[in-house]
Amino acid sequence: MTVFLPWFFGFLIIFLFTVAFLILKKRKVIFTLRSSLPKAPLTKLDLPLFKEEYASDLTVPSPVRPQPQKPEEELPGKYNIDRLVLMARDPYWLYTYWEISAAIQEEFKTNYGPFAWGQSQPVLRIYDVTGTNFEKKSLLEYTDIPISDQVDDWYIQVGQPDRSFCIEVGRKFQNGHFVTLLRSNVVSTPRASLSEQVDEEWMWIEDLYHTIRHQYGVSSPLIEEEIAGRMGIVPLGISSPGFYVSHT
Amino acid sequence: MPLGFLALVLHMHLPYVRHPENEHFLEERWFYEAVTETYLPLLQVFERLVNDNVPFRLTISLSPTLISMFTDPLLQQRYDNHLEKIIELADKEVGRTYNSPFHKTALMYQHRFRQARYLFNDVYQRQIIQGFKKYHDLGYLEIITCPATHGYLPLMMVQPETVRAQIATAVDVHRQYLGTLPPGIWLSECGYAPGIDDLLKEFKLRFFFTDTHGVLFASRRPRFGVFAPIYCPSGVAAFGREVESSKQVWSAREGYPGDFDYREFYRDIGFDLDYDYIKPYIHPDGIRINTGIKYYRITGTTNHKEPYVSEWAENKAAVHAGNFMFNRQLQAAHLNKLMERPPLIVAPYDAELFGHWWFEGPLWLEYLIRKIYFDQDTLELITPSDYLTRFPCNQVARPCASSWGNKGYHETWLNQTNDWIYRHLHFAAAQMVELANSHPEAYGLQRRALDQAGRELVLAQSSDWAFMMSTRTTVNYALSRTKSHLSNVLKLTAQIKENHIDEGWLSSLESKNNIFPRLNYSWYQSHYRPDFS
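Chains W and F are the protein sequences, given in the same order.
In this text, residue positions in the first sequence follow this note's numbering: the first is 14, and each later residue adds one.
In this text, residue positions in the second sequence follow this note's numbering: the first is 56, and each later residue adds one.
Honestly, the hints are just simulated from the structure, not real lab data.
Here a beta-carbon is modelled for each residue, glycine too, at the ideal position from N, C-alpha and C.
Some hints here could point you the wrong way.
Claimed, not checked - What the simulated footprint calls covered on chain W by chain F, stretch by stretch (three residues with Cβ under 8 Å from a Cβ of chain F suffice, anywhere in the stretch; the number is not a length):
id	segment
1	97-105
2	108-120
3	152-163
4	195-203
Unchecked claim - Label-pair restraints from in silico Cβ distances:
id	chain 1	residue 1	chain 2	residue 2	range
5	W	ILE117	F	SER493	19 to 27 Å
6	F	ASP340	W	ASP162	42 to 50 Å
7	W	ASN93	F	PRO572	32 to 40 Å
8	F	ARG445	W	PRO89	32 to 40 Å
9	W	ILE94	F	SER581	16 to 24 Å
Given the sequences, and given the hints that come with them, work out the whole structure.
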């Protein structure tokens with residue numbers, strides 16, 4: 014044992030020397046590189062002022078961010094409430110999201126049996142409620158969209174601008190019986206074209222909180238005079254189109 | 056009377072990007088860059104016009120988040136530091152580019168940054184808002200507001216109370232800093248849905264803007280198309296954007312900003328120059344960023360770029376201003392024959408387009424205003440309030456739900472990249488409304504917690520986050536802002552319910568997310584109605 018110890022130390026010393034030498038050498042390389050940088054002023058034009066780069070190489074400045082130090086806040090997956098929210102995205106599409114609490118599932122099982130949940134199909138029922146309300150539900154037209162138990166939101170292509178919709182999420186049994194679990198708010202899809210309604214209504218606002226409204230359905234100058242008289246304003250010479258409507 | 060009216064509208068907004076926790080927060084630079092490149096240059100334009108006795112009328116919407124950043128002492132100090140740094144770099148650049156084709160441009164930047172520092176510190180005493188107020192008080196600007204944090208209102212209408220709170224906050228901030236009630240509002244992203252106008256009316260807001268089809272596709276066919284406003288049944292006026300004038304300025308391809316003589320946005324020395332040289336002026340972590348110093352002109356459609364020549368660019372700005380005016384004159388003269396009143400051309404733009412993106416934009420605006428005043432009498436500049444005073448009788452129709460986003464409706468803020476936020480936003484909003492209703496007279500710690508929950512909610516509602524997710528730019532930032540503000544609302548509301556408020560944590564939130572110190576949780580109460588008496 015004692016024979017090997019000096020050998021061991023000897024090797025160790027040689028090893029350390031080698032390492033130190035290598036590190037120093039590397040440093041030296043770096044030093045020489047630095048010192049070989051041109052000392053001439055940068056303004057000298059024989060040096061390119063800019064290297065030719067291309068805009069596409071640079072792209073939009075969205076640099077890599079340093080990693081956030083704190084773990085990001087995560088939001089709850091569920092809030093344990095019952096809700097079915099409907100939003101109109103554009104003239105043709107609706108978006109809905111929902112959450113069905115365990116309480117509703119339990120109630121369903123109580124009413125329809127312990128296996129009823131598994132034996133029924135989750136369905137979105139879309140009602141066109143334009144110009145009506147839910148009191149005459151049985152008369153309303155609807156479309157069913159079968160969904161799965163794994164989803165909790167859906168884009169619905171209704172394809173109908175300027176209509177009002179309400180939806181229900183429910184379970185459909187094989188015999189076609191539908192049980193409503195939740196009903197949404199009512200939304201209207203926006204128009205996608207010029208209105209067909211070409212009759213005009215005009216409003217005169219002198220002061221927002223002193224408004225007088227008048228309808229120009231009837232083509233009679235007398236009405237105009239009457240209105241003008243009531244308002245104490247002579248319409249002639251005032252370039253408000255309302256006073257010309259019935260002549261055109 | 057002129058043959059037509061032109062309403063130029065500049066919408067000024069940036070999301071609230073104040074990060075006391077980190078001196079070098081990348082997103083805070085959005086604010087600094089916009090101040091240097093857009094807001095201060097626009098104030099200089101107004102100053103020159105006023106000095107030369109050129110009368111003009113412009114509409115500017117100042118978002119409450121932007122006003123809050125303008126008036127925040129920490130951001131003011133940091134902006135000053137930012138200016139010092141960029142001036143130091145500009146000074147170096149003047150030396151480095153000596154005898155090169157870039158030297159003149161380097162001198163231009165040096166001058167501009169020094170001017171910015173002078174304006175910011177000496178002229179406005181760091182209160183940029185005072186600059187806008189000045190030209191508002193002098194009668195040149197009609198300043199309107201926009202929802203508190205630029206909330207996208209159509210998708211918030213599930214809880215109308217939160218839409219009302221956005222507006223109440225906006226009106227309060229406007230009144231605090233401009234001394235008057237805002238006469239009208241810029242709806243974030245021109246996002247409108249029926250019912251929003253009823254809430255605007257509660258706050259005596261007389262008008263808002265929609266995209267072209269918002270007015271064109273109204274419930275009754277508008278007699279004058281978008282060339283006159285319509286009244287919603289509530290009596291609030293809707294002004295529709297005119298397409299052609301927008302495209303000429305907006306479009307990067309067909310529009311003026313893409314002209315080859317204008318400055319190239321994507322060649323910034325923050326990316327172009329040697330790392331060791333530029334290191335002190337980019338992010339301390341070595342992330343290359345825009346410095347604002349850009350030496351090239353657009354040059355052409357290829358990647359080859361030539362040095363910027365400011366005279367050429369200035370000349371083009373004048374030519375383009377003339378062209379814009381000429382086209383509007385033709386339009387006005389033509390429409391005038393078809394209408395019984397002079398047509399109104401509404402031309403709204405994001406203000407940050409001018410100066411930041413389109414470097415010569417403020418100059419173009421200045422030339423345009425001068426030309427309109429000196430060179431012709433077909434067109435007259437007008438603001439919505441002026442117009443409604445002159446033409447108080449307008450057609451009644453319900454505008455069409457719409458936005459100026461991609462495809463014209465709500466898809467930009469509601470698609471597969473961001474739809475998940477709404478279940479959280481709506482839940483948080485419902486919690487807020489419920490708590491506001493159940494605490495009619497909160498005081499002390501509870502009151503502070505309720506107010507802060509309101510602040511966190513409006514911050515989470517910024518349309519900017521959904522937009523960034525949609526356009527896939529700075530997504531991580533948008534995600535982190537959405538999540539952190541929402542979880543703050545959830546935690547606060549839970550603590551209020553349990554009557555166990557963590558005061559230390561609440562205080563830290565109050566100082567970190569310090570926006571709208573006057574926000575009052577009672578604005579979320581279902582029966583809340585403003586009282587301006």
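For each hint, the structure was consulted:
1. Counting residues of the segment 97-105 of chain W whose C-beta lies closer than 8 Å to any C-beta of chain F gives 6; at least three are required, and the coverage claim holds.
2. Coverage of a stretch by a chain is defined here by at least three residues with a beta carbon nearer than 8 Å to that chain's beta carbons; for the segment 108-120 of chain W and chain F the count is 3, and the condition holds.
3. Coverage of the segment 152-163 of chain W by chain F is violated. Counting CB-CB distances below 8 Å, 0 residues qualify, and the rule asks for three or more.
4. Counting residues of the segment 195-203 of chain W whose C-beta lies closer than 8 Å to any C-beta of chain F gives 3; at least three are required, and the coverage claim holds.
5. Here the CB-CB span from ILE117 of chain W to SER493 of chain F is close to 25 Å, well matched to the stated 19 to 27 Å.
6. Roughly 46 Å separates the CB atoms of ASP340 of chain F and ASP162 of chain W, a value that falls within the hinted 42 to 50 Å.
7. Look at ASN93 of chain W against PRO572 of chain F: about 34 Å separates their beta carbons, and that is inside 32 to 40 Å.
8. Checked against the hint of 32 to 40 Å, the pair ARG445 of chain F and PRO89 of chain W fails, with Cβ atoms roughly 54 Å apart.
9. For ILE94 of chain W and SER581 of chain F, the hinted distance range of 16 to 24 Å is satisfied, since their beta carbons lie about 18 Å from each other.
Hint check: violations occur at hints 3 and 8; the rest are consistent with the structure.
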